[in-house]
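Enquirer: Knowing the structure of chain A, use the given hints to seat chain B on it.
Top to bottom, those sequences are chains A and B. So the mapping is simple: our numbering equals the position in the first sequence, first residue as 1, plus 115. So the mapping is simple: our numbering equals the position in the second sequence, first residue as 1, plus 115.
Calculated directly from the structure, the hints in this document are not laboratory data. Positions of the beta carbon are idealized from the N, C-alpha and C atoms, including for glycine. Be aware that one or more of the hints could be misleading.
A partial selection of chain A residues facing chain B, derived with a Cβ cut-off under 10 Å [stated by the list, open to error]:
hint: 1; residue: T150
hint: 2; residue: T153
hint: 3; residue: L194
hint: 4; residue: C205
hint: 5; residue: P209
hint: 6; residue: I227
hint: 7; residue: K242
hint: 8; residue: Q252
Cross-link-like lysine-lysine pairs, in silico, DSBU-like; alpha carbons within 30 Å at most [said to hold, decoys possible]:
hint: 9; chain 1: B; residue 1: K212; chain 2: A; residue 2: K208
hint: 10; chain 1: A; residue 1: K182; chain 2: B; residue 2: K212
hint: 11; chain 1: B; residue 1: K212; chain 2: B; residue 2: K200
hint: 12; chain 1: B; residue 1: K182; chain 2: B; residue 2: K200
hint: 13; chain 1: B; residue 1: K157; chain 2: B; residue 2: K174
hint: 14; chain 1: A; residue 1: K250; chain 2: B; residue 2: K200
hint: 15; chain 1: B; residue 1: K250; chain 2: B; residue 2: K157
hint: 16; chain 1: A; residue 1: K174; chain 2: A; residue 2: K200
hint: 17; chain 1: B; residue 1: K190; chain 2: A; residue 2: K208
hint: 18; chain 1: B; residue 1: K212; chain 2: A; residue 2: K249
hint: 19; chain 1: B; residue 1: K236; chain 2: A; residue 2: K237
hint: 20; chain 1: B; residue 1: K236; chain 2: A; residue 2: K236
hint: 21; chain 1: A; residue 1: K182; chain 2: B; residue 2: K207
hint: 22; chain 1: B; residue 1: K243; chain 2: A; residue 2: K237
Protein chains: 2
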Amino acid sequence: MVDTRFSMSVQIMMSLAYHGDELMNSDQLAKTLKTNATFVRKLVSRLVEAGIVQSFRGKAGGIKLAKSPQDISLKDIYLAATCEKTLINCHKKPINKACPISGCIEDVIGEIVVGIEETTKKYLLNKKLDQLMKKVQHK
Amino acid sequence: MVDTRFSMSVQIMMSLAYHGDELMNSDQLAKTLKTNATFVRKLVSRLVEAGIVQSFRGKAGGIKLAKSPQDISLKDIYLAATCEKTLINCHKKPINKACPISGCIEDVIGEIVVGIEETTKKYLLNKKLDQLMKKVQHK
Chain A
116 MVDTRFSMSV
126 QIMMSLAYHG
136 DELMNSDQLA
146 KTLKTNATFV
156 RKLVSRLVEA
166 GIVQSFRGKA
176 GGIKLAKSPQ
186 DISLKDIYLA
196 ATCEKTLINC
206 HKKPINKACP
216 ISGCIEDVIG
226 EIVVGIEETT
236 KKYLLNKKLD
246 QLMKKVQHK
Chain B
116 MVDTRFSMSV
126 QIMMSLAYHG
136 DELMNSDQLA
146 KTLKTNATFV
156 RKLVSRLVEA
166 GIVQSFRGKA
176 GGIKLAKSPQ
186 DISLKDIYLA
196 ATCEKTLINC
206 HKKPINKACP
216 ISGCIEDVIG
226 EIVVGIEETT
236 KKYLLNKKLD
246 QLMKKVQHK
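Next up, chain A with everything else stripped away, as it sits in the complex (with noise of 0.2 Å):
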């Protein structure tokens, strides 16, 4: 299933977005998040191998984002986030070998789940991150 990775890392987007060529570190980020560095470091990894944020190394290093935020989709940070965890699965209760219901359910829930995530996909795609930032109320 998918936890809160998805809306902390949306979070940490917003907050690049935001900053925009200024650069932010982890301890930055924590504060936001009210969380630990540590735990945001492992968030924010997945943005840069997903190619969506960009980090600089060395003692004036930190990240920013890679892209304008119009070219980056919810879909971008969903996959990052989530990392092939799918919103649905199926139980994981034994198969009774003399139910036929039982001998198929994987499949059928298999389907759904591919159904589910692909109409997901689709939606997060066309919402793109500039659009996210218009709620923010600037200082």
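Expert: Chain B only, in chain A's frame:
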């Protein structure tokens, strides 16, 4: 988050569809699902409340589908099984008042949650129980 109650409810509905007008009871379903009858009864009572399963009391009582399988959608089962739980949730970290992103993240994720639920329900509405039954190998 939506747990495995959805897939278990789908399995119950498929078992009832397989048995047609022949009444089933929670013990039979619990055997099929390799789980306990109390848990099955909880799932069943939601399906009854949703109007897609019919319950008959008494010694010769039991349950069966309340409608024909082509008139039962996966959305009906989803709504009954999930009890308004959503596929994605916002993290519950406290708001950092100094951060404008932290202040609006619940609102931002809330909109995405609504979008994903609507898209998913639309997808599930078009999938009917009789379609799933085509996967069942009849003995």
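Enquirer: Hint by hint, note whether the structure agrees.
Expert: Here is how each hint holds up against the structure:
1. Restraint check, T150 of chain A versus chain B: the minimum CB separation of about 6 Å is within 10 Å; hint holds.
2. The interface hint given for T153 of chain A is broken, as the beta carbon of that residue sits about 15 Å from the closest beta carbon of chain B, more than 10 Å.
3. The closest approach between the C-beta of L194 of chain A and any C-beta of chain B is roughly 14 Å, which is over the 10 Å cut-off, so the hint fails.
4. Annotation: interface hint on C205 of chain A holds; nearest CB of chain B at approximately 5 Å, less than 10 Å.
5. Taking 10 Å as the C-beta contact cut-off toward chain B, the hint placing P209 of chain A at the interface holds, the least distance being around 5 Å.
6. Satisfaction of the interface hint for I227 of chain A is found here, the shortest Cβ-Cβ separation to chain B being roughly 7 Å, below the 10 Å cut-off.
7. Against a cut-off of 10 Å between C-beta atoms, the interface hint on K242 of chain A holds, since the closest Cβ of chain B lies about 7 Å away.
8. Checking Q252 of chain A against chain B by beta carbon gives a least distance of about 6 Å; that is within 10 Å, so the hint holds.
9. Taking the CA atoms of K212 of chain B and K208 of chain A, the gap is near 45 Å; set against the 30 Å cutoff, the hint is violated.
10. Simply put, K182 of chain A and K212 of chain B have alpha-carbon atoms about 28 Å apart, close enough for the 30 Å limit, and the pair holds.
11. The suggested pairing of K212 of chain B with K200 of chain B holds, with an alpha-carbon distance near 28 Å, which does not exceed 30 Å.
12. For the given pair, K182 of chain B sits about 25 Å from K200 of chain B by alpha-carbon distance, which is consistent with the 30 Å threshold.
13. A hinted pair counts as satisfied when its Cα atoms are at most 30 Å apart, and K157 of chain B with K174 of chain B qualifies at roughly 20 Å.
14. Annotation: proposed proximity of K250 of chain A to K200 of chain B holds, straight-line Cα distance about 25 Å (limit 30 Å).
15. Our distance criterion of 30 Å between C-alpha atoms is met by K250 of chain B and K157 of chain B, whose separation comes to about 26 Å.
16. Between the alpha carbons of K174 of chain A and K200 of chain A the distance comes to roughly 35 Å, so the proposed pair goes past 30 Å and is violated.
17. About 23 Å separates the Cα atoms of K190 of chain B and K208 of chain A, which keeps this hinted pair within 30 Å; it holds.
18. Taking the CA atoms of K212 of chain B and K249 of chain A, the gap is near 18 Å; set against the 30 Å cutoff, the hint holds.
19. The straight-line distance between the Cα atoms of K236 of chain B and K237 of chain A is roughly 14 Å, inside the 30 Å bound, and the hint therefore holds.
20. For a cut-off of 30 Å, the pair hint linking K236 of chain B to K236 of chain A stands: about 14 Å separates their Cα positions.
21. Proximity of K182 of chain A to K207 of chain B is assessed by CA-CA distance (about 28 Å); at most 30 Å being required, the pair is judged to hold.
22. A C-alpha spacing of about 22 Å is found between K243 of chain B and K237 of chain A, which places the hinted pair at or below 30 Å, so the restraint holds.
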